[in-house]
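Chain by chain, the residues:
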Amino acid sequence: MSATLRLDALTKSFDGRANAVDAVSLTVEPGECLAILGPSGSGKSSVLRAIAGLDSPTSGRILVDGTDVAGVAPERRGMAMVFQRPLLFPHLSVLDNVAFAATVAGTPRGEAREDARQFLALVQLEGFGSRPVTALSGGQEQRVALARALAARPRVLLLDEPFSALDPELRADMHELLGQLRERLKPTVVMVTHDRDEAAIVADRVALLRTGRLLQHDTVERLYTRPASLDVARLMGGRIEVAGVVREGVHRSPLGSIEAPAGESWPEGESVLVVRHEAVHLASPPVPAPQGMTGVTAVVTARHARGPRAAIELAVGSATLAAEVPASRPLTIGQEVAAHIPRSACTVVTPVPG
Amino acid sequence: MTMMIPYGQRVTPDRQATSRSLMRPRPVGRAARIILSGMLALWFALPLVPLLLWSVANRWSFPAPLPTEWGFDGLGTALAQGGVEAFGRSLLLSLAVAAIATPLGAMAARALAVGSVPAPRLVSGILLAPLALPAFVAVMGLTVVLLRLRVPAIVGVLLLLVAAALPYTVYTMRVTYAAHDLAFEEEARTLGASRLQVLWRVHLPLVAPGLARAAFLSFLVGWSDYVITVLVGGGTIVTLPFLVGSFAAGVGNDAIVAVLSLSAIVPPLLLLLALGRFGRRYAGGTRTPSASPLARSEKGFL
Chain A
1 MSATLRLDAL TKSFDGRANA VDAVSLTVEP GECLAILGPS GSGKSSVLRA
51 IAGLDSPTSG RILVDGTDVA GVAPERRGMA MVFQRPLLFP HLSVLDNVAF
101 AATVAGTPRG EAREDARQFL ALVQLEGFGS RPVTALSGGQ EQRVALARAL
151 AARPRVLLLD EPFSALDPEL RADMHELLGQ LRERLKPTVV MVTHDRDEAA
201 IVADRVALLR TGRLLQHDTV ERLYTRPASL DVARLMGGRI EVAGVVREGV
251 HRSPLGSIEA PAGESWPEGE SVLVVRHEAV HLASPPVPAP QGMTGVTAVV
301 TARHARGPRA AIELAVGSAT LAAEVPASRP LTIGQEVAAH IPRSACTVVT
351 PVPG
Chain B
1 MTMMIPYGQR VTPDRQATSR SLMRPRPVGR AARIILSGML ALWFALPLVP
51 LLLWSVANRW SFPAPLPTEW GFDGLGTALA QGGVEAFGRS LLLSLAVAAI
101 ATPLGAMAAR ALAVGSVPAP RLVSGILLAP LALPAFVAVM GLTVVLLRLR
151 VPAIVGVLLL LVAAALPYTV YTMRVTYAAH DLAFEEEART LGASRLQVLW
201 RVHLPLVAPG LARAAFLSFL VGWSDYVITV LVGGGTIVTL PFLVGSFAAG
251 VGNDAIVAVL SLSAIVPPLL LLLALGRFGR RYAGGTRTPS ASPLARSEKG
301 FL
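Top to bottom, those sequences are chains A and B.
Just so we're aligned, residue 1 is where the first sequence starts under this note's numbering, counting upward by one.
Just so we're aligned, residue 1 is where the second sequence starts under this note's numbering, counting upward by one.
Think of the hints as simulated: they come from the structure by calculation, not from any bench.
Since the structure is predicted, the reported quantities are computational estimates derived from the model, not experimental observations.
Yeah, the Cβ is synthetic: ideal placement off N, Cα and C, and Gly gets one too.
Some hints could be false.
Facing chain B, a subset of chain A residues (Cβ under 10 Å, in silico) [to be verified]:
#1 Pro74
#2 Ala80
#3 Thr103
#4 Val325
Not close to chain B: a few residues of chain A, all C-beta gaps over 10 Å, as computed [said to hold, decoys possible]:
#5 Arg6
#6 Asp8
#7 Ala52
#8 Thr67
#9 Val104
#10 Arg113
#11 Ala243
#12 Ala262
#13 Leu331
#14 Gln335
Please model the entire structure based on the sequences and the hints provided.
Here it is, written out as structure tokens:
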């Protein structure tokens, strides 16, 4: 039931204002889960609504298995959407909600319900069928919404921040459930989220959007370690930016000279070195850096509590570094430590002009 | 300079103590409530007492506290004078008004709610205008126009009654659509339901309570109309209020008027009961009995 989805320069503008979605092109392979990630107002929901056919794009094409779906009514696109609110039909029982797609497709009631029962079991809600939808908890509601969408056998399953309204524990449960469902049914999934952790957990690839533009479409891993721009690094929560110059493939800055990772080459000229603060090791008392790491002497300038972790800010000459350590590590402000930066975690991006 | 409140000093009164006593029904308040509701019930029921007595009285001379001669002469005359036919005519007319004004009002309200109407304030103003205008003012002028256009009297009456009922249906449906979430319909579309299927399987069931309320109100507009039927119908359309009016104008018809008036109470009363039952079934029937009273009152009918 999964299909290839391709967006080709998809653009959407409302009433002549700046484009909400600006020439977004990307491909989602069958069975793949793509997360469209972006801050609010980035146009990510507009992309999803255009794919679903609920809004028509201003220009650009949406292709499902190579066929342009422009002008195809939402009900004929073979998509199914799960919104942030469960939107379970209050006049139908849980079972009839899940059986909705089959019922409108003309399947006899008994058969539709039998089918719905299987999908209820799939979301671990066997026996909930006869309940009214008002007798469900928030997490159960969203499970039913998911079952209802899956029972429609969508070629592409669209999820619009489906777990944002749930508390963290339930959200983790839902992530696990989505993982299981993906394994069993292998649907093509496009999920919109503003939570990069969620995108990292759920998705194979992430499309990072800001003000309607696609900044980077890549694997989660690469989005963190090889951001295409400073914007991407910042949106992904990167906290280390060290300005410098690349000469002969080596980045020179107050951190010293850092070579490009094996097999990669950096463009010459002014550039900003970015590296995840999670990758930075702090050694106290200072010890020499092991193989493959660059060691610098740094001074702790600030320490912020982050529950079980502590965020540390460091100064290396005129440059600043950041790191994360277990909250139990007794690092104090003013202390001198050795910061070890793994070369493979480094990348350079062009500086923001001006 | 204002005085600083010393840090850490509690400045709000102890809420716990005061709110608890407010939550508990106080004996004085309860008695007052019972007396007040009793008086209200009396206020509504009192006018019915003489009607009930008159309907089974053949004679009731002034100073006597009760009818001086019991009997069913009033009922007999009412039947003989076409009471049943008038009743049926009124019923048909009111149902027709409800059948036309309810969907019209719903469509207008939905268009206004969705925001697809240019100059929405003006449009809602026009739709609500019949409330502000005494019916006969508009009717006086329109009668001539309708006559010249050779519009049949019954069509004219129906047209004007629908116009008079529209403010109620539009208002009721606007309230309904304000609480209605269009995302339900979008969700249904993505699940494969066509526009028509969405209308029947999602949209109408979700607004059904509002539709029932609107239909009831527009039925009442038709059922209780006198002025429009008389002026536009010119006496050719004999409805129940028309019959009551013509008998009430005469002398010595108190029994007939009482019988006809009482019969006029029956349909709205039955509809109201049906609406209440429908509302309960719709709102509470599929829900657990443990639903809180708050949830029930939110979803209740009128």
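Say whether it holds or is violated: Thr67(A) keeps its Cβ farther than 10 Å from all Cβ of chain B. Its Cβ never comes within 10 Å of chain B, the nearest being 18 Å, so this holds.
Outside-interface status for Ala52(A) - nearest CB in chain B farther than 10 Å: Violated, since 5 Å does not exceed 10 Å.
Should the label of Gln335(A) as a non-interface residue stand, given a Cβ cut-off of 10 Å to chain B? The claim stands: Gln335(A) keeps its Cβ more than 10 Å from every Cβ of chain B (closest is about 35 Å).
Close enough to count: is the Cβ of Pro74(A) nearer than 10 Å to one in chain B? holds, 4 Å
Distal placement of Arg113(A) relative to chain B, Cβ over 10 Å: holds, 15 Å
Under 10 Å is the threshold here; is the Cβ of Ala80(A) close enough to any Cβ of chain B for the hint to stand? holds, 5 Å
Run the C-beta distances from Val104(A) to all of chain B and say if the shortest one exceeds 10 Å. violated, 4 Å
Does Ala243(A) clear chain B by more than 10 Å, comparing its Cβ with all Cβ atoms of that chain? holds, 45 Å
Non-interface claim for Leu331(A): all C-beta distances to chain B beyond 10 Å? Check passes; 33 Å lies beyond 10 Å.
Is the interface hint for Val325(A) satisfied, with its Cβ closer than 10 Å to some Cβ of chain B? violated, 35 Å
Ala262(A) non-interfacial with respect to chain B [C-beta, more than 10 Å]: For Ala262(A), whose nearest Cβ neighbour in chain B is about 47 Å away, the distance exceeds 10 Å, so it holds.
Looking at Asp8(A) again, its CB stays over 10 Å from all of chain B? Nearest chain B Cβ is 21 Å from Asp8(A), so the label holds.
In this structure, the hints that do not hold are numbers 4, 7 and 9, in rising order.
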